[in-house]
Amino acid sequence: MNLYGPQLATVVDLIDETTDTRTLRLELQDPVAREVFSFRAGQFGEYSVFGAGEAPFCIASPPTRPGAIECTFKLVGKVTTALREVNVGDTVGFRGPYGNWFPLDDWKGKNILFVAGGIGLAPVRCVIWNVLDRREEFAEVTIVYGARSVADLVYKRELEQWATRNDVTTVTTVDPGGETQDWAGRVGFVPTVLSQVAPSAADAVAVVCGPPVMIKFSFPVLDKLGFADDDVFTTLEMRMKCGVGKCGRCNIGPVYVCKDGPVFTAAQLKQLPAEY
Amino acid sequence: MSGERFLGTEDLAGLVGDLLAAGTQVIAPAVAGTCASPAALASSACLRPGAAPELIQYLSIQDPALLALGRGMPSLSLKSFFLPQNEALLHWKQRGSAIELEPAPVERRRRVVLGAKPCDAAALEILDRVMRWDYVDELWVGRRDATAVFTLACPMEDDSCFCPAVGAAPDGTRGADGLLTPVDGGYLVEATTDRGRELLAAHADRLKDLDALSDGADLRDQAEAFRAAARERVAANLQIDAESVRAWIATHYDDPLLTALGVRCNGCGACSSVCPTCHCFDIVDEPDGVGCGTRRRCWDTCQTGKFTAHASGHNPREDQNVRFRQRINHKFSIYPLRFGEVLCTGCGRCTRVCHAGQDLVEILATIDVAARRGEPEPTAAGEGDAA
Amino acid sequence: MDDLRDLARTLLESGEVQVVIGWEDGRRGARPAFVTAPEGAGRLIFDTRCVHNLATYLNPRRPQLTGLGKVAMVVKGCDVKAVAGLLREEQLTRERLVIIGVRCGGVLEEPALPRAAELTPATVAPRCYGCDNREPSLVDYLVGAPQPEPPPPAMTIDDRVAALDSMSPQERWQFWTDQFSKCVRCYACRQVCPLCVCERCIADKTMPQWIETASHPRGNMAWNLVRALHLAGRCVGCGECERFCPVDIPLSLLNRKLQQVVADRFDYVVADDPEKAAPIGDYRPDDRQEFIK
Numbered sequence: 034m035n036l037y038g039p040q041l042a043t044v045v046d047l048i049d050e051t052t053d054t055r056t057l058r059l060e061l062q063d064p065v066a067r068e069v070f071s072f073r074a075g076q077f078g079e080y081s082v083f084g085a086g087e088a089p090f091c092i093a094s095p096p097t098r099p100g101a102i103e104c105t106f107k108l109v110g111k112v113t114t115a116l117r118e119v120n121v122g123d124t125v126g127f128r129g130p131y132g133n134w135f136p137l138d139d140w141k142g143k144n145i146l147f148v149a150g151g152i153g154l155a156p157v158r159c160v161i162w163n164v165l166d167r168r169e170e171f172a173e174v175t176i177v178y179g180a181r182s183v184a185d186l187v188y189k190r191e192l193e194q195w196a197t198r199n200d201v202t203t204v205t206t207v208d209p210g211g212e213t214q215d216w217a218g219r220v221g222f223v224p225t226v227l228s229q230v231a232p233s234a235a236d237a238v239a240v241v242c243g244p245p246v247m248i249k250f251s252f253p254v255l256d257k258l259g260f261a262d263d264d265v266f267t268t269l270e271m272r273m274k275c276g277v278g279k280c281g282r283c284n285i286g287p288v289y290v291c292k293d294g295p296v297f298t299a300a301q302l303k304q305l306p307a308e309y
Numbered sequence: 034m035s036g037e038r039f040l041g042t043e044d045l046a047g048l049v050g051d052l053l054a055a056g057t058q059v060i061a062p063a064v065a066g067t068c069a070s071p072a073a074l075a076s077s078a079c080l081r082p083g084a085a086p087e088l089i090q091y092l093s094i095q096d097p098a099l100l101a102l103g104r105g106m107p108s109l110s111l112k113s114f115f116l117p118q119n120e121a122l123l124h125w126k127q128r129g130s131a132i133e134l135e136p137a138p139v140e141r142r143r144r145v146v147l148g149a150k151p152c153d154a155a156a157l158e159i160l161d162r163v164m165r166w167d168y169v170d171e172l173w174v175g176r177r178d179a180t181a182v183f184t185l186a187c188p189m190e191d192d193s194c195f196c197p198a199v200g201a202a203p204d205g206t207r208g209a210d211g212l213l214t215p216v217d218g219g220y221l222v223e224a225t226t227d228r229g230r231e232l233l234a235a236h237a238d239r240l241k242d243l244d245a246l247s248d249g250a251d252l253r254d255q256a257e258a259f260r261a262a263a264r265e266r267v268a269a270n271l272q273i274d275a276e277s278v279r280a281w282i283a284t285h286y287d288d289p290l291l292t293a294l295g296v297r298c299n300g301c302g303a304c305s306s307v308c309p310t311c312h313c314f315d316i317v318d319e320p321d322g323v324g325c326g327t328r329r330r331c332w333d334t335c336q337t338g339k340f341t342a343h344a345s346g347h348n349p350r351e352d353q354n355v356r357f358r359q360r361i362n363h364k365f366s367i368y369p370l371r372f373g374e375v376l377c378t379g380c381g382r383c384t385r386v387c388h389a390g391q392d393l394v395e396i397l398a399t400i401d402v403a404a405r406r407g408e409p410e411p412t413a414a415g416e417g418d419a420a
Numbered sequence: 022m023d024d025l026r027d028l029a030r031t032l033l034e035s036g037e038v039q040v041v042i043g044w045e046d047g048r049r050g051a052r053p054a055f056v057t058a059p060e061g062a063g064r065l066i067f068d069t070r071c072v073h074n075l076a077t078y079l080n081p082r083r084p085q086l087t088g089l090g091k092v093a094m095v096v097k098g099c100d101v102k103a104v105a106g107l108l109r110e111e112q113l114t115r116e117r118l119v120i121i122g123v124r125c126g127g128v129l130e131e132p133a134l135p136r137a138a139e140l141t142p143a144t145v146a147p148r149c150y151g152c153d154n155r156e157p158s159l160v161d162y163l164v165g166a167p168q169p170e171p172p173p174p175a176m177t178i179d180d181r182v183a184a185l186d187s188m189s190p191q192e193r194w195q196f197w198t199d200q201f202s203k204c205v206r207c208y209a210c211r212q213v214c215p216l217c218v219c220e221r222c223i224a225d226k227t228m229p230q231w232i233e234t235a236s237h238p239r240g241n242m243a244w245n246l247v248r249a250l251h252l253a254g255r256c257v258g259c260g261e262c263e264r265f266c267p268v269d270i271p272l273s274l275l276n277r278k279l280q281q282v283v284a285d286r287f288d289y290v291v292a293d294d295p296e297k298a299a300p301i302g303d304y305r306p307d308d309r310q311e312f313i314k
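Residue numbers (the numbering used here), protein chains in the order written: chain W, 34 to 309; chain V, 34 to 420; chain X, 22 to 314.
Everything labelled a hint here was simulated from the structure, so no lab data went into it. Heads up, some of the hints might be wrong.
Simulated restraints on C-beta separations [what the hints assert, rightly or not]: (1) X:P81 <-> V:P138: 43 to 51 angstroms; (2) W:R181 <-> X:G88: 27 to 35 angstroms; (3) X:G88 <-> V:T284: 49 to 57 angstroms; (4) V:T284 <-> W:M34: 57 to 65 angstroms; (5) X:R221 <-> W:S71: 53 to 61 angstroms; (6) X:A243 <-> W:F250: 55 to 63 angstroms; (7) W:V246 <-> X:E131: 46 to 54 angstroms; (8) X:S202 <-> V:A250: 42 to 50 angstroms; (9) W:M34 <-> X:V290: 25 to 33 angstroms; (10) V:E351 <-> X:Y162: 27 to 35 angstroms; (11) X:R221 <-> W:V220: 34 to 42 angstroms.
Example chain X residues on the side facing chain V (calculated, C-beta under 10 angstroms, incomplete) [said to hold, decoys possible]: (12) R48; (13) A284; (14) F312.
Ideal placement from N, C-alpha and C gives every residue a C-beta, glycine not left out.
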């Protein structure tokens with residue numbers, strides 16, 4: 034098979050996270066491939082439905098739990114519509130892992146802060162489980178996550194798991210007006226709640242992902258809390274096709290998101306032209 | 034060029050015949066036309082009366098009589114023989130929940146390009162960089178490995194050519210295996226790679242040593258004079274410092290000089306389609322029937338709005354100014370930074386094909402002036418108040 | 022062209038418009054000009070090289086132009102029909118536009134000349150002969166001296182359509198299959214057409230995918246035929262699509278044929294009157310229907 038040919042994977046589980054967001058759990062069909070497949074948190078794959086096309090999503094399952102590959106996607110176009118129509122037992126394509134990754138080894142001994150909004154939790158969730166599966170290597174772990182409404186929260190079961198752990202501080206919020214009668218979490222936009230939680234920046238790194246407006250207002254909060262730009266990590270999405278640096282479409286200035294990213298620090302982002 | 038030998042016009046035709054007989058595909062500039070059907074005469078009446086009487090294209094020829102070396106610029110570059118306009122990547126077939134995949138075969142058929150424009154051949158070597166960057170594109174590499182290219186020294190097409198300004202030359206052999214130079218009665222030919230030498234050795238009966246010809250020294254002088262005159266002629270079209278242009282673009286991204294380049298541009302991408310170095314592509318799935326289909330890649334262009342449009346509706350490059358800047362940026366700043374090569378060989382096709390009047394010679398000259406002197410100067414054609 | 026330059030200068034100085042779109046001399050001949058400063062008005066020219074239909078720059082989907090402000094546009098009699106089309110379809114409002122008509126005696130097909138050349142049957146643009154709008158009325162100003170009639174071209178577009186019509190259906194199908202096999206799907210035809218203004222072109226839609234993306238004959242035939250059909254009754258016959266095509270496909274023949282059909286069936290030819298309803302947007306109870314089988 035050539036560079037652009039995917040491996041075949043079977044859908045072994047699907048979970049509807051919200052009305053328009055789904056997680057698929059895939060197993061590579063070739064047993065040898067399944068055995069040797071490995072990746073690092075932050076990398077992405079090109080997932081395909083034959084007949085509809087390919088789309089890039091981060092690998093949402095953690096590398097510490099091999100055997101299956103997960104992706105979480107929102108229904109927005111042709112490929113995601115087709116992905117929403119596959120059933121357990123169907124075959125899809127997977128190419129990857131591509132791209133760079135979060136440098137967890139550099140974070141040993143540090144406090145890790147996760148800030149995510151909406152479906153932006155998907156790439157972050159991979160890192161969260163990666164960190165939790167290597168819990169003793171890191172210091173304090175804080176998660177600040179919010180969505181427009183209770184219904185829009187993704188990975189609801191896992192939020193509960195994280196909330197009940199005593200080695201993680203989990204703060205969940207919904208936008209004002211998004212709360213339900215029995216909502217016990219916070220109410221407020223993620224950047225606001227982040228500044229209220231005010232985690233210490235000492236010996237800490239932050240992993241941030243969410244809608245552009247959330248990132249835009251979270252960066253100044255982190256800056257004010259004392260996080261250095263080199264210690265704030267995010268992951269970008271771009272329209273992609275080949276995923277391997279050949280088709281020329283995912284670049285931001287001289288940086289190719291599929292090869293030099295999708296993980297970037299805030300310091301690196303500030304060097305890029307505002308074309309993303 | 035010490036290893037040059039003489040290839041007479043008839044021997045060139047004979048060489049083509051020998052190659053074809055051996056099953057080698059021969060690609061050369063040829064006169065392109067409509068099909069040779071009875072309707073051809075009537076159909077030619079339907080074509081634009083002002084269209085060039087002879088449309089020259091690189092074609093795979095079956096008959097040496099169709100060779101049209103040195104009769105003009107092929108309107109499309111050699112690119113389509115290495116990165117086709119549309120090419121299958123794989124085929125799928127669905128059986129219930131299961132899928133069978135069949136990769137598109139890597140083309141390994143031996144091919145020879147005779148009489149390529151040096152700008153088109155140089156583009157192939159420039160594109161080798163991205164096609165081999167970490168991940169190897171087997172489809173491209175397979176074709177490159179299977180193809181020998183001989184360039185034909187070019188006298189200069191017109192004043193939109195600027196190959197020396199970007200590191201190419203009208204008698205260049207970058208990306209190629211040898212060079213043909215027109216002289217009386219035929220060509221002088223020299224190989225510049227092992228593959229070229231092997232090819233010439235295999236057809237040595239078609240070549241004559243210059244020492245064995247009474248006018249051998251004269252032919253050698255003719256060839257050298259042809260090439261020197263061409264180099265001087267085309268160098269006069271544009272003189273820039275490509276490195277300072279690259280550095281200026283990288284540090285002046287929001288300069289008004291760069292942000293107003295797309296006002297005239299229609300965003301059609303004709304420039305990308307004729308360009309020998311534009312390589313951006315799309316990947317699409319196309320059904321061929323029920324439960325089966327082909328995943329293809331096809332040429333794409335950063336000049337369309339759709340190129341960077343996210344499914345969410347967000348588009349990082351929302352207007353033609355930003356998109357045209359990307360074209361200049363990619364070719365003259367990004368690619369040189371990442372791969373050490375300007376993504377342009379100065380063939381001039383983009384300028385000739387743009388009927389909206391976008392002019393790369395003018396654009397580069399203006400940026401060069403700004404780069405060397407630190408401020409833009411008015412040119413005859415536009416004062417920068419086109420913003 | 023002093024009256025044109027003076028007018029442009031005045032419009033810019035007074036602030037009535039922020040940009041004048043006309044023609045200027047480039048390194049390779051005449052090309053569209055975008056003048057935003059009064060001093061730049063001296064760049065404006067009008068001669069036989071001014072073939073470009075500038076109405077395409079009024080497409081509301083060109084934010085880099087709509088953002089410049091109110092426009093004054095120099096138009097020939099053919100171009101202004103496209104402006105009328107845009108007004109008719111409410112893609113523009115009349116107040117956003119100052120129309121400077123220019124008296125034209127025909128243009129060359131090839132603007133890439135250092136100086137204007139005289140029109141000959143071999144060089145005149147095919148659309149000029151028989152021009153029915155030599156004194157355009159949909160204008161705010163009309164400049165330029167009266168010009169002689171353009172000469173007939175070596176072969177008129179109707180002659181070329183007739184050559185096609187004289188083929189058998191199989192021959193004609195083969196002709197177009199051959200022509201469309203050259204198509205590289207650059208969409209130059211669409212991008213330059215003043216009436217191709219859809220916010221999301223059918224060729225760009227993926228849900229559902231009406232037209233295949235890759236440039237093989239099947240997809241190319243679909244694209245080119247659909248575009249011609251979407252222009253039926255709207256195309257003004259400027260021929261820019263054919264002039265811009267980098268692979269010389271005789272696109273205007275499709276559009277001219279459909280113009281002939283529309284004229285015959287619906288008694289309609291495009292004019293520079295935005296109030297005149299077009300067949301695609303109008304219905305009359307007594308519309309002919311004998312051709313509907």
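Structure-based check of each hint:
Between P81 (chain X) and P138 (chain V) the CB atoms are about 47 angstroms apart, so this pair conforms to the stated range of 43 to 51 angstroms. Checked against the given bound of 27 to 35 angstroms, the beta carbons of R181 (chain W) and G88 (chain X), roughly 32 angstroms apart, stay inside it. For G88 (chain X) and T284 (chain V), the Cβ-Cβ distance of about 26 angstroms falls outside the hinted range of 49 to 57 angstroms, so the restraint is violated. At about 43 angstroms, the CB distance of T284 (chain V) to M34 (chain W) disagrees with the hint of 57 to 65 angstroms.
R221 (chain X) and S71 (chain W) have their C-beta atoms about 41 angstroms apart, which leaves the hinted 53 to 61 angstroms range violated. One distance hint, 55 to 63 angstroms for the beta-carbon pair A243 (chain X) and F250 (chain W), is violated here, with the actual separation near 46 angstroms. In this structure the supplied range 46 to 54 angstroms holds for V246 (chain W) paired with E131 (chain X), their Cβ-Cβ distance being about 51 angstroms. S202 (chain X) and A250 (chain V) have their C-beta atoms about 48 angstroms apart, which keeps the hinted 42 to 50 angstroms range intact.
Distance hint for M34 (chain W) and V290 (chain X): a CB-CB separation of about 57 angstroms, inconsistent with the stated range 25 to 33 angstroms. Evaluation of the 27 to 35 angstroms hint for E351 (chain V) and Y162 (chain X) yields a pass: the beta carbon distance comes to about 33 angstroms. A hinted range of 34 to 42 angstroms for the beta carbons of R221 (chain X) and V220 (chain W) is consistent with their spacing of about 38 angstroms. At about 5 angstroms, the closest approach between the beta carbon of R48 (chain X) and any beta carbon in chain V falls short of 10 angstroms, and the interface hint on this residue holds.
Contact between A284 (chain X) and chain V, as hinted, is not supported at the beta carbon level, the nearest pair being about 20 angstroms apart and thus beyond 10 angstroms. Restraint check, F312 (chain X) versus chain V: the minimum CB separation of about 25 angstroms is more than 10 angstroms; hint violated.
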